[in-house]
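Please construct the entire structure, taking both the sequences and the accompanying hints into account.
Sequence order for the protein chains is C and G.
Going by the numbering used here, the first sequence opens with residue 1, and the numbers climb by one from there.
Going by the numbering used here, the second sequence opens with residue 1, and the numbers climb by one from there.
Derived from the structure by calculation, the hints contain no laboratory data.
Even for Gly, the Cβ is constructed at its ideal location relative to N, Cα and C.
Hints may be right or wrong, so weigh each one.
Stated by the list, open to error - If we take Cβ atoms under 8 Å as the criterion, some of the chain C residues that face chain G in the derived model are:
hint: 1; residue: Leu37
hint: 2; residue: Ala38
hint: 3; residue: Val88
hint: 4; residue: Thr89
hint: 5; residue: Asp92
hint: 6; residue: Ile95
hint: 7; residue: Ile98
hint: 8; residue: Ala108
hint: 9; residue: Ser111
hint: 10; residue: Cys117
hint: 11; residue: Leu195
hint: 12; residue: Asn199
hint: 13; residue: Glu203
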Amino acid sequence: MNTVDQKAVPDSMDALLKGLWRENPVFVQVLGMCPVLAVTNTVINSLVMGLATMFVLVMSSIFVSSFRKLIPKQVRIATFILIIATFVTVADYVIPAISIEVHRSLGAFISLIVVNCVILGRAESFSSKNPVGRSVLDALGMGIGFTIAVLSLGVVREVLGNGTFAGYRVLWSGFEPWVVMLLPGGAFFVLGFWLLLFNWMRERRSRTKTEVAS
Amino acid sequence: MSTEPLSTIFLNAALINNFVLSAFLGICPFIGVSRKLETASRMGMAVTFVMLVSSVCAYGVHQALLIIGAPYLQLISYIVIIASAVQLVEMFIRKFSPALFRALGIFLPLITTNCAILGLALFQTSKEYDFVQALVYALGAGVGFTIAIVVMAGMREELELAELPDIVRGTAIVLILAGLLSLSFMGFAGLGT
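Right, dumping it as structure tokens:
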């Protein structure tokens with residue numbers, strides 16, 4: 001945790017911002033990998049997955065945080081899971097009402113948001129210990145961070161694998177699509193290379209810091 | 001009702017549509033506990049066992065929900081069933097085989113949040129398998145998970161000896177290895193019908 005950042009921005013703002021970059025659930029904490037890898041073959045699918053996860057995160061953090069003094073310690077995990085499962089069911093019924101097509105291509109992965117460790121992790125480590133307002137900000141930050149992460153995979157995979165962005169052609173017409181990007185293996189490669197890039201950036205930044213210090 | 005032969009169901013779940021490498025279920029334990037060959041194979045065993053138990057439970061719950069006509073309770077009841085099945089299995093093993101209990105250790109409770117288990121329950125429902133088909137499907141999925149995690153652990157043990165640049169150490173190299181493994185598993189696609 002960077003102490004300089006915490007002093008520079010107010011506490012509630014920090015709760016929101018830390019999920020975007022410094023504690024990004026996917027790139028830094030490496031949580032919730034299954035949906036990140038599975039549904040990021042197109043931009044639209046990634047966006048819907050990110051928004052659905054954000055909805056469940058925010059709603060469950062409101063409930064967990066407002067009932068945090070009523071829930072007995074011993075059964076808290078089970079209670080959190082029940083709250084999360086309720087909102088996932090809501091999302092599972094709302095998405096087909098908006099677009100049957102997207103729901104079909106996401107398949108069981110909407111239901112599988114229940115076992116996304118990001119959501120249970122935030123409920124356990126933040127919402128169950130903080131007032132409602134801050135929990136919502138934290139959940140919103142984590143949700144946006146998660147959406148950014150799935151989108152960054154979805155964009156790379158759709159543009160390189162199909163030459164399109166959200167259905168619109170963006171690359172020249174003679175472009176030979178990299179089919180591997182749409183295959184399951186491509187998901188692992190793209191996420192692996194993103195992590196590599198972030199490791200490299202972090203290392204370079206810490207190296208310049210030590211050079212300045214010395 | 002599905003009419004697939006049992007052998008097709010088994011091969012499909014274990015190799016062709018491997019749960020980890022092509023359906024992306026159970027990635028967390030796949031990356032988290034694949035550092036050593038021994039722990040990886042135990043994890044595979046534990047997951048296979050819980051898959052069989054929860055598959056039977058999910059089949060029963062699905063039939064019950066059909067009778068009372070409440071499909072919207074499916075997800076909530078599945079997750080509760082899986083959590084309690086894991087708890088029951090844990091108590092059962094502790095009572096009857098303390099040696100196995102010690103061997104599985106922390107992995108048993110962690111399986112509750114393994115999406116492969118819930119995914120299996122959801123898939124077997126949507127594919128409309130009957131009781132025996134669901135059981136074979138669960139066995140195939142468990143075997144597939146074990147194969148994937150054991151192969152991965154073998155590669156990571158070799159990797160310990162290799163010289164790597166600092167920035168690829170950790171999750172990045174594991175993901176790239178998983179990508180290669182996933183591509184090679186696509187070779188099994190010819191087995192399917």
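Results for each hint:
Here the hint on Leu37/C is kept, as its CB sits about 4 Å from the closest CB of chain G, short of 8 Å. Interface restraint check: Ala38/C against chain G, minimum CB-CB distance 4 Å, threshold 8 Å, status holds. Interface restraint check for Val88/C: the shortest CB-CB distance to chain G comes to about 6 Å, inside 8 Å, so the restraint holds. Taken as an interface hint, Thr89/C checks out: its beta carbon lies about 5 Å from the nearest beta carbon of chain G, inside 8 Å.
Hint status for Asp92/C relative to chain G: holds, with the closest Cβ pair at about 7 Å, below 8 Å. Interface hint at Ile95/C: violated, since its Cβ lies 13 Å from the closest Cβ of chain G, which is beyond the 8 Å cut-off. With a cut of 8 Å, the hint placing Ile98/C at the interface with chain G is violated, because the nearest CB-to-CB distance is about 18 Å. Taking 8 Å as the C-beta cut-off, the interface hint given for Ala108/C holds, the closest approach to chain G being about 5 Å.
Evaluation of the Ser111/C hint against chain G yields a held restraint, the C-beta minimum of about 5 Å falling below 8 Å. Restraint check, Cys117/C versus chain G: the minimum CB separation of about 6 Å is within 8 Å; hint holds. Because the closest C-beta pair between Leu195/C and chain G is about 4 Å apart, less than 8 Å, the hint holds. Interface hint status for Asn199/C: upheld, as the beta-carbon distance to the closest one in chain G is roughly 4 Å, under 8 Å.
A distance limit of 8 Å between C-beta atoms decides the matter here; for Glu203/C the minimum to chain G is near 6 Å, and the interface restraint holds.
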